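Engineer: Protein chains in written order, with the numbering used here: chain F, 1 to 351; chain A, 1001 to 1324.
Any given hint could be a false lead.
So, partial list: chain A residues that the calculated Cβ filter (under 7 angstroms) puts toward chain F [unchecked claim]:
hint, residue
1, G1066
2, G1070
3, A1071
4, A1096
5, N1097
6, Q1098
7, R1103
8, Y1104
9, G1107
10, G1108
11, C1111
12, L1139
13, N1140
14, V1141
15, G1143
16, V1243
Covered stretches of chain F (in silico footprint by chain A; criterion: 3 or more residues with CB under 8 angstroms from a CB of chain A, positions within the stretch not fixed) [to be verified]:
hint, region
17, 127 to 134
18, 250 to 257
Keep in mind that the hints were calculated from the coordinates and are not lab data. All figures in this text were calculated on a predicted structure; none of them were measured in a lab. Cβ coordinates follow ideal geometry from the N, Cα and C atoms, glycine included.
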Amino acid sequence: MNDVVSGDEGKEALMNRTSSETGAPRPDDSGADRRLLPDWRQLLRSMLCIRYFEDQVKALFGSGLVRGSTHLCQGQEAVSVGVCSLLTPGDAMTCTYRGHGAVLAAGAEMDASFAEILGREGGLCGGKGGSMHLADLEKGIIGSNAVVGAHLPISLGAGLAAQHRKTGKVSVAFTGDGSTNIGAFHESMNLAAVWRLPVVVIIENNHYGEYSPLAATTSVTRLSGRAASYGIPGVLVDGNDLLAVRQVAEEAISRARTGEGPTLIEADTYRHEGHSRSDPAKYRPAGELELWLARDPIPRFEEVVRAAGAATPEDLESLRDDVKAEVIGALERAKSWPAPSLDRLYEDVYR
Amino acid sequence: MTVELTCREAIAQAIADELAADPDVIFFGEDVGAAGGVFKSTVGLFDRFGPERVRDTPISEQAIVGMAIGAAIMGLRPIAEIMFADFAGVCFDQLANQLAKYRYLTGGQACLPVTVRMANGAGAGFAAQHSQAAENWFLNVPGLKIAVPGTVEDCYGLLRAAVRDDNPVLVFEHKNLLGLKGTIPERPYRLGVASIARRGSDVTVVATQQMRHRALEAADRLAAEGIEIEVIDPRTLVPFDDVAVAESLVRTARLLVVQEGPPGGGWGASLIARMTSSHFECFDAPPRLLASAETPVPYAGCLEEAWMPCCEDVMAAARDLVAS
């Protein structure tokens, strides 16, 4: 799995610098790690926020406070954080309904995010969207989307606006492995390539499209390889290795900003939970979850930080406690906010 | 001297005027640029504004509409074309689930000044997948505005108003009217204002596009019989100018709606339901909906013509209403 796939021979340099299979930090990663470590605390904090935020969402769902359904991304935090840590004001981000991670990583406030999931007036979208529709436009969070693949053309539009205005801004889209089989994916990748739009599409390959394993539904399981059919670079990266994700995303975002067009990144990762809260994921083979828990991106990154001498185990423990308290505080605030007033029903249909 | 244009020329003129007026306006679709559009409604735009503002897309309707959404959210004012309105079926998710709902789902954060143009309507021999009155598909999707111009003036005025509106507007251009001649209006339009195409005192006839013209022909012929029908063209289905219809109904006490497309779930049935609820006491006769057959649009000329209301149908229905 160390190979990476490209539709462009000239991009070999980019292709050869990414990815590891085992998930364990490789000795030769350390140089890159040190280079990227100055903001380690922010990166780790961001991953922990997502993890603990979703622990609370899970509990809220269990107590009947989350309506409909909700889709957890626990286990995939390094992908969201690795990419979103590179975005700057004016950039755009779209993601899937498994989007709590990307939305928080892109800077949405936790209390307003909880409030949206709880259907409160103070929610990101005033309680009109819920867990599958989180958006914060001022922060470039164009939104999570509840229809598989539907956000990809929308993400292209954000890229088109950047290209039209020559802003040097980029549009990134997180999408699932399952979405690579829907028509909107193909239309979007082709058009992004033809127009050389400043777009980066990150496939979070968590190995299951809803309840079905990838190989049962998809003729080509190395999804970065699909880039070849659009003549754009396709990069495979260990999605549970935060720094590796950041490295490939940095390269892809830089290409986009400088007018070199789109990149397709496949981040190999795993969702610790089932598709939604109604899915106990009994279809997973025995031992699979345990294998991936051993490659959990959070302890792995903590180990990198510790090994580099940037923090002691006590520092890390203290950071975890801080974030937990922060998450609980945000949830308490959100819970204290009222439900939307009924006249909101008719607002926001038209401007 | 006033210059006469065809509908297709008026459409190109409206797009050109918006492109010239606002650098945030951008126009794209299949073959709209170098080829000037399959209906020749966009001739000259590519040469005048260049390939960055008038863009040819692949045959990818989902991408076309989705791109317009994303570009609008980021501040542009896109005009997208999806050629035949029937192809709205190919990108129904983007139109009905994304474009229509994005503002609501984001609690009002998103502003979507998106115009989607498409050619609707029967009568040109394109058969069932290229001839539908697809505007009716969207009546049950709050969040969209729907324009159905039936004259040169309205093709120009409504399109410019659509581009300037901060909401998504679907503009249906009837393919059987593209060669119609007229002049472009001097004053800007507002969406949601009906036009009284002909004054009359005996029956209120509400019709759009091709049916408007058939109703006007019927009006001429009925006048010779001493029956004066008032022809109202709502011009937009959402918002719908109920007031204009109600004011007419108060005077005529008789309502006839002439609709291209099958009767079920269409704008005509909705209008009659609203009018009977709000103005029941005004009616001297049961309101009447004249619509197409409940079948797909057939190919053969005689079948296609039989499929939709004709001038004689309108005349017969008006006579019945006056007699009752």
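Engineer: Hint by hint, note whether the structure agrees.
Structural biologist: Hint-by-hint comparison with the structure:
1. G1066: It holds, given that the least Cβ distance between G1066/A and chain F is near 2 angstroms, below 7 angstroms.
2. G1070: holds (2 angstroms)
3. A1071: holds (4 angstroms)
4. A1096: violated (10 angstroms)
5. N1097: holds (6 angstroms)
6. Q1098: Result: holds, 6 angstroms to nearest chain F Cβ.
7. R1103: holds (6 angstroms)
8. Y1104: This hint holds: Y1104/A lies near chain F, its Cβ roughly 5 angstroms from the closest one there, short of 7 angstroms.
9. G1107: holds (3 angstroms)
10. G1108: holds (4 angstroms)
11. C1111: holds (6 angstroms)
12. L1139: violated (14 angstroms)
13. N1140: For N1140/A, the interface hint is violated, since the closest Cβ of chain F sits about 13 angstroms away, which is over 7 angstroms.
14. V1141: Violated - the Cβ of V1141/A stays beyond 7 angstroms from chain F, reaching only about 11 angstroms at its closest.
15. G1143: holds (6 angstroms)
16. V1243: violated (18 angstroms)
17. 127 to 134: holds (count 4)
18. 250 to 257: Our answer is that it is violated, as 0 residues pass the Cβ test (under 8 angstroms) against chain A, missing three.
Going down the numbered hints, you'll see the structure goes against 4, 12, 13, 14, 16 and 18, while the others check out.
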